[in-house]
Every structure is written in structure tokens, then in C-alpha cells.
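Starting from the given sequences, assemble the full structure and let the hints guide the process.
Protein chains: 2
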Amino acid sequence: MTQIQAARAGRLTPAMERVAEQEQRTPDEIRDAVAAGRLVIPANKAHLAAQYGGAGEGRLAPIGIGRLLRTKVNANLGTSPDRSCKEEELVKMELSLRYGADAVMDLSTGGDLDEIRSFLIANASAPLGTVPMYEMIQNRPVEELTTDDMLRVIEKQARQGVDFFTVHAGLLREHLPLAASRTAGIVSRGGSLLAKWMTYHDRQNPLYELFDELCDIMAQHDVAFSLGDGLRPGCLADATDEAQLAELRVLGELVQRARERGCQAMVEGPGHVPFDQIEKNMVLEEEICDGAPFYVLGPIVTDVAPGYDHITSAVGATAAAYYGASFLCYVTPAEHLALPGPLDVREGVIAHRIAAHAADVARGLPGAREWDDRMSRARTAFDWRGQLEMAMDSERAREIRKASNPDDDYCSMCGREWCAVRRSKEVFADRKPEQP
Amino acid sequence: MTQIQAARAGRLTPAMERVAEQEQRTPDEIRDAVAAGRLVIPANKAHLAAQYGGAGEGRLAPIGIGRLLRTKVNANLGTSPDRSCKEEELVKMELSLRYGADAVMDLSTGGDLDEIRSFLIANASAPLGTVPMYEMIQNRPVEELTTDDMLRVIEKQARQGVDFFTVHAGLLREHLPLAASRTAGIVSRGGSLLAKWMTYHDRQNPLYELFDELCDIMAQHDVAFSLGDGLRPGCLADATDEAQLAELRVLGELVQRARERGCQAMVEGPGHVPFDQIEKNMVLEEEICDGAPFYVLGPIVTDVAPGYDHITSAVGATAAAYYGASFLCYVTPAEHLALPGPLDVREGVIAHRIAAHAADVARGLPGAREWDDRMSRARTAFDWRGQLEMAMDSERAREIRKASNPDDDYCSMCGREWCAVRRSKEVFADRKPEQP
Numbered sequence: 001m002t003q004i005q006a007a008r009a010g011r012l013t014p015a016m017e018r019v020a021e022q023e024q025r026t027p028d029e030i031r032d033a034v035a036a037g038r039l040v041i042p043a044n045k046a047h048l049a050a051q052y053g054g055a056g057e058g059r060l061a062p063i064g065i066g067r068l069l070r071t072k073v074n075a076n077l078g079t080s081p082d083r084s085c086k087e088e089e090l091v092k093m094e095l096s097l098r099y100g101a102d103a104v105m106d107l108s109t110g111g112d113l114d115e116i117r118s119f120l121i122a123n124a125s126a127p128l129g130t131v132p133m134y135e136m137i138q139n140r141p142v143e144e145l146t147t148d149d150m151l152r153v154i155e156k157q158a159r160q161g162v163d164f165f166t167v168h169a170g171l172l173r174e175h176l177p178l179a180a181s182r183t184a185g186i187v188s189r190g191g192s193l194l195a196k197w198m199t200y201h202d203r204q205n206p207l208y209e210l211f212d213e214l215c216d217i218m219a220q221h222d223v224a225f226s227l228g229d230g231l232r233p234g235c236l237a238d239a240t241d242e243a244q245l246a247e248l249r250v251l252g253e254l255v256q257r258a259r260e261r262g263c264q265a266m267v268e269g270p271g272h273v274p275f276d277q278i279e280k281n282m283v284l285e286e287e288i289c290d291g292a293p294f295y296v297l298g299p300i301v302t303d304v305a306p307g308y309d310h311i312t313s314a315v316g317a318t319a320a321a322y323y324g325a326s327f328l329c330y331v332t333p334a335e336h337l338a339l340p341g342p343l344d345v346r347e348g349v350i351a352h353r354i355a356a357h358a359a360d361v362a363r364g365l366p367g368a369r370e371w372d373d374r375m376s377r378a379r380t381a382f383d384w385r386g387q388l389e390m391a392m393d394s395e396r397a398r399e400i401r402k403a404s405n406p407d408d409d410y411c412s413m414c415g416r417e418w419c420a421v422r423r424s425k426e427v428f429a430d431r432k433p434e435q436p
Numbered sequence: 001m002t003q004i005q006a007a008r009a010g011r012l013t014p015a016m017e018r019v020a021e022q023e024q025r026t027p028d029e030i031r032d033a034v035a036a037g038r039l040v041i042p043a044n045k046a047h048l049a050a051q052y053g054g055a056g057e058g059r060l061a062p063i064g065i066g067r068l069l070r071t072k073v074n075a076n077l078g079t080s081p082d083r084s085c086k087e088e089e090l091v092k093m094e095l096s097l098r099y100g101a102d103a104v105m106d107l108s109t110g111g112d113l114d115e116i117r118s119f120l121i122a123n124a125s126a127p128l129g130t131v132p133m134y135e136m137i138q139n140r141p142v143e144e145l146t147t148d149d150m151l152r153v154i155e156k157q158a159r160q161g162v163d164f165f166t167v168h169a170g171l172l173r174e175h176l177p178l179a180a181s182r183t184a185g186i187v188s189r190g191g192s193l194l195a196k197w198m199t200y201h202d203r204q205n206p207l208y209e210l211f212d213e214l215c216d217i218m219a220q221h222d223v224a225f226s227l228g229d230g231l232r233p234g235c236l237a238d239a240t241d242e243a244q245l246a247e248l249r250v251l252g253e254l255v256q257r258a259r260e261r262g263c264q265a266m267v268e269g270p271g272h273v274p275f276d277q278i279e280k281n282m283v284l285e286e287e288i289c290d291g292a293p294f295y296v297l298g299p300i301v302t303d304v305a306p307g308y309d310h311i312t313s314a315v316g317a318t319a320a321a322y323y324g325a326s327f328l329c330y331v332t333p334a335e336h337l338a339l340p341g342p343l344d345v346r347e348g349v350i351a352h353r354i355a356a357h358a359a360d361v362a363r364g365l366p367g368a369r370e371w372d373d374r375m376s377r378a379r380t381a382f383d384w385r386g387q388l389e390m391a392m393d394s395e396r397a398r399e400i401r402k403a404s405n406p407d408d409d410y411c412s413m414c415g416r417e418w419c420a421v422r423r424s425k426e427v428f429a430d431r432k433p434e435q436p
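Heads up: the sequence lines are chains A and P, in that order. In terms of our numbering, the first sequence opens at residue 1 and continues consecutively. In terms of our numbering, the second sequence opens at residue 1 and continues consecutively.
Where hints are given, some of them may not hold.
With a straight-line Cα cutoff of 25 Å, these simulated BS3-like cross-link-like pairs (lysine-lysine) come out [to be verified]:
id: 1; chain 1: A; residue 1: LYS86; chain 2: A; residue 2: LYS156
id: 2; chain 1: A; residue 1: LYS280; chain 2: P; residue 2: LYS280
id: 3; chain 1: A; residue 1: LYS86; chain 2: P; residue 2: LYS402
The hints are simulated quantities; they were obtained by calculation from the structure and are not laboratory data.
In C-alpha cells, the structure reads:
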């Protein structure tokens, strides 16, 4: 049984119990949300550790993704044809998890993809996703790809223990004319490959046509769908256009079909979206996809700041997570310029954890604000040890403080004499006798 | 005459004409907004270059601040008692302006404040603001400060050519009990000093009582008010509380009094605010302060990420500028930890320019999106030279690209084989014959 099948049958799995415990929800709340498809636990049976009900030798500690829970962050890893080293990917994965990513995707396109993937899965305590299309076309033109090839790769990766697959099954041939006049065309790798295949063969998207078969393979291993948005906008000018929305409507249909066949499904979203259109995008997805967890890439809110797209993305991601997204794919400072290196990974993870947490606070998720309040009490008490320990990136905070040669109690911004917090405490200490 | 007096008299000043030209507005639009107090041109007569109608030898190129115009960014500079070097402040000022800050504030609290201030004004092509209270209490307890001292410093700095003063005249003694039970108390330096003075002397805020006299001095030199929020929240827990709002209502009264006496006035705002409360804060200020330009510090949207507060702030600042702010005070990665150094200045300026521009795009400011669209067209055309030139921080973008040893046309994220943009262009080139 998959998680959703178990939940529908009224059964609690060890994974659901773990998610409930982690997030201070009741197991019943988790089970009901999984049954309704509003909460996804990406946990391939082969990757799931035995104590969480897994069949395999895996070491996955499962997490849940959905509005009931803390907003989650994904870090993309992966080699490129120019740079391929599995140990470097392991370093990036470990960095991602150390800085607090909740999930990772192996988007490798260079080197021995099978070897890299197996190596990462074996070492991943967090859910790991892939875009199987990348393996399908490594070292050959996409036009040569057959439906048998597709099913074979999907089945192999499912057996290897991948927890979620990005599958661009919603991009139909009839959508292509809608994207033809875009400023940036198709910027999704998977989307552009399928567009090429459809155009060359003059046929429908094979992943759409094979969808029920994909579901059956994925249900067998409990691989969750991350229904890819091949037509996500690649610039502000293309945001929320008819191409994007037409694909989203198909994704809504596929959510239902996946659920009917016992699969868990998330939906991927934009991309590049002006700040004022983010709420609308979240509302549309929620409606069209019946509350399936929304997994957004950013969205970045301006196209003009390459080198700082972790920031343009954190801005959009905060709004997205406030208005409806459950899962944020990080964007790093290298976006639009280069393959991210380890330092980019750290910056990207932290920027998106900020977005996730700020949104959780803003939407009133129970318990979220406690962290801020504890930090603020430590700050007001000049409890530097506490502040630095509680910081989202303690190491960075410590480096900055240390480099400034601070007094024991104060920081070099103001020093003791100018410290407003100190003076404020004196003022209110003076006033205490006047208080009733 | 001050800018607002001239505007009310129906006169166009050279500064108004320059602002109109810079922002593709008509001079009449600028004049009407200045007359209504919805647009401020901080331009001390002594700092305003002769070519713009100034009385002094200054070299200020005036800018306008208000919703009619592009959102502006301020960078805070200044020495501390522990670290004081005017040349280092000049470096920070030049860096700020080079990376695109629109204004700077000299918040020095250490060294020879007069010398540092004169040096910076003489070199500042952008408006320069100060918090005169800092000079008033350098090297003496705030309790000893007399009203004569206050007026003397205000007058001297006005003569020196400061373009805008942060004056915490709205924090009244009756507000203090409202702040006594806060988590973080009073975190504004000026606010905490005045609170101390009021508590010690058991008297009203002297800047409130002297307000008409301040107006007369400031009108004489055309120094704009930046009405300080001494009770701005210093943590999420204190946001939008009665202390903050009680002071805001007094700021609303002071805006009217300043305007009546021929002064331009902006209003300062928070601070630390959960993402969901930002819109409400902007709407309240607009109503209570009759459209006076709102100058916000952040707001930062979570307290837990010291070391990354340029990002927590850019998130809040985007929402603030979208919903009503006109002027964003930067926050740097050093916030809450140390006095910012030159690298922090760069990060802070760029993060807040991202916020300002993303908000201008989202609110549909005419012309704002053109930059994004030009960038996106260059990106799609593989015009790397154009992309890097147009980038908000070209130097950073070039460094990242160069370090990755890219192909001529592609980036190391995907390389040629995996480039979605290339494939997308092939798809739509293939389709061209089918198009009508």
C-alpha cells in the first residue's frame, strides 16, 4: 500500500506517525490530510527505513509536505556535462541538509547518472527527487526516445528508491502555440525536451499518454508525483499567461488521476512572477488542483538581478508560502549564470528557509512564532550565546559577531553607550516603582 | 522659499524640473504632489548645487520621494565609538551610491561628528540625512541636555547642509507605559534617549514642545523632516502594538504642523513586522499621515536570521513598497550583530534595490517593467554582454559567470546540450512554417 492508500483505508503508517510527532499534529490529522491528497509524504518503500515501515534498507526519515505543516524547502543538486563528481554532489547534499533543507533533488545531467543517484539515495536521510527525463535523453537526441525507454527508466529509478519524480505530463501539444509568442519561450528543461519530441513526431506528450502506466509503477514503489510545469514562465512578461494556465488545468486533471490510482501528487509552479500576481497564482492552483501541495520554484519577482536571485526568489517564495505553497524549491545566487557550487547551496537554502519560516509565522502556523519570540527575548537580555545558537545559520552569525571584536554584552553597531536596548531597560526599570 | 512653499505658490523650481525629467513625469505633476505633501524633495539650500537653484556651494543632484515616483533606497553610514574614520565613511558612501542607493544617512556616533558630517556633505551628490540627537548627546549624559542645546545643534546642522533630519518628536511621555510591557522595549536609539530624558525630568518630549521652532529653523534651510518612530517595534512580538500606533497618530499631527509651517515631511516606519501585517501598516500610515511619504526600515519579517537580515528585510521591504512605502532604509547582513563594513553596504543596497524595483513592477509604475523585459529578451537571445551590462550589479554577475568557465553562448548550469532556451527556440523555429 502507498501512504495515500493506507490513509484512505483508515490506517496509520509509521511515516504518518513520525510526521505527526515532528509537527505537533495528531496522527489522525495527518492521515486525513494524506487521504485527501492535501498532504504528501514522499517516501519510496525502498528508501524508507525499516522503523518507518519501509521495505528496503534505506535510511529515509520521512517528512510531510502540505499546508497543515511547516513549509518545506528543497535544494537542487546535480552534475552537469561540464562538471561531474559524485563526491561533490554528496558534499552539496550534506551542506543542504546541514543548513536545513528538507528535501533534495538530484538533477544530474553529466557523468554516470545511475551511480550518482544510487550514491546519493544511499546517503540521503531526506526525501530525494529526480526528473527521470534527464536520464532518458543522456547522450542521445530526444527525438529517438521511445515510450518503452521512458517506462524502463521510470521503473528503474523507482526501484532505486527515488522518493518523488518530476514528470512533465501536463504539457500537451496543443499548448505549444500558446507559448510560441512568449518572450522567453519554454525554460523548463523537461518541458523543452518534450516540446521537441512532440514537434518532431507530431504526436501528443508521451508522458500524458502513458500516465496510467506511470501511476501503476509509481504506486508499486510509492514514488510521489511532482507534476512538472513545463510551461512555467521564464520571465515576468510570460507570467500567468494562457500557456501556463492551460497546462495547470491539465495538471489538475492528472492530480485526480494519480490519486485514483493510489499515487500521491504534488504540483509544480512558477518560476518568474511579479509580486502582485503571486496570490492569484496560489489561489488558482489550490482551486484547479484540489489542494494538492504546491511546489514552487521561487517565484523570482524581478528579472534584473542575476547574482542575487536567491533574494529575488526569497521575496516571491515568502508571498507564495503565505498565500498557498507548501514546498519551496531554492534558487541560488548562481541562477541564470552558472551551476551552483557549495557556497551557493548554503545561501540558497538559508534564503528559502527564511521565506518558509516568515510565511509560517505570517499564516499563524501554530508554534512558528515561538522561535522569533525566544530569539527576541535572548536579544533583549543580551544573551549572546542564546542568540547565536538560535540563529538560523549560527556559524554565519558567529563569524560576523566575532570579526567585529565586540564588548561582552554589546555589539559594534552602537557599543555600550549607544545601545538602545540597554537604555530602554534602564527607562523601564526606572519606571517600575510607578507601576501598580 | 522651501520646495513645498514654492509648489503651493504654483512655482516650479529647478529641483522639481529635474525630478520630473528623471522620472518621466510632467513638472506640473511633481509640483502638485510636492504642494500636497505627497512628494518630498530633500534638498537643503546649502547643499543644492547652484545649477539647481541652491544658495550654497553644494553639489546635490536632487531626487524626489513619493508614490508618484520610483521607490528610493537609503543607505546608513556612520562611525561608532569603537570605529571612527571619515575616509572609511566616504568609501561606504561612494560604494552605496555606486551600487545605486538614492540617499544616505550619516549616523555617526564616534569621532569628530562635525568634521565627518561636513566631509560627507561636501562629497555627497545624493541627499544626506542625520539624526541630530546623536550629536546632542555625544560625550554627555542625555539627562543634561537642555532645549537650547537641541536648537543649537539643529540649527548648526541645517546650516551645514543636511537635507533631512530624523526627529523623534512624536514619542510622548504618555506613550511610555504602552511600551513598558513589550518584549523588546524601545529599540530606536533616538527614542530610547528621549525616553530616558522624559523619565528623568518627568517632562514631555522636548522635541515635541519645540516642534514649531524646529519647523522655523528647518524651513529657513529647507531641511525635510523625517519624523522618527522612536517606538518602532524591535521584534515581531511588538509589531503594530498600541505603543507604535499611538506614536503614529502624533506623527500624523506633526505632518500637518510641519506642512503648515512650510516644511516638507516624511514619516518613518517599522522595523520588525510579520509579513501579514505589512499591508495594514502601510494603509494606516497613509490614512493617518495624509499621504506623507513613508520611510520604512525593512521591515524585517522574522527575528531568527541574524547574518541574513538584508534578506529578511528585502522581503518585508518589497511588500511595504508595494502597499505604500516610498523610501526603503536598507538593512545589511551585519544588522543585530555589528557595524556594517563596505561589503555589507553593497549587499544591503542591492537587496533593497531589488525590493524597490520588484515593488515598482508590481504596482505598475510606468516604465518599471521595461528593464525586466529588456533583460529577458537579452537572456533569450544569449546576449550575454547585454545581460551582464543590464544586471543590477554587473560586477557580481560577471564574476559568477567568469568563475564558471562558460561556453560562449551557454551557462554552466545546463551547458549547450541541456539548454532549454536553445531547444525552445528550435521548437518554435520548427513551428514557424505552421503559423499563419
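So, going through the hints one by one against the coordinates:
no.	hint	result
1	A:LYS86 x A:LYS156	19 Å, holds
2	A:LYS280 x P:LYS280	19 Å, holds
3	A:LYS86 x P:LYS402	24 Å, holds
Violation of the numbered hints given earlier is absent; every hint is satisfied by the structure.
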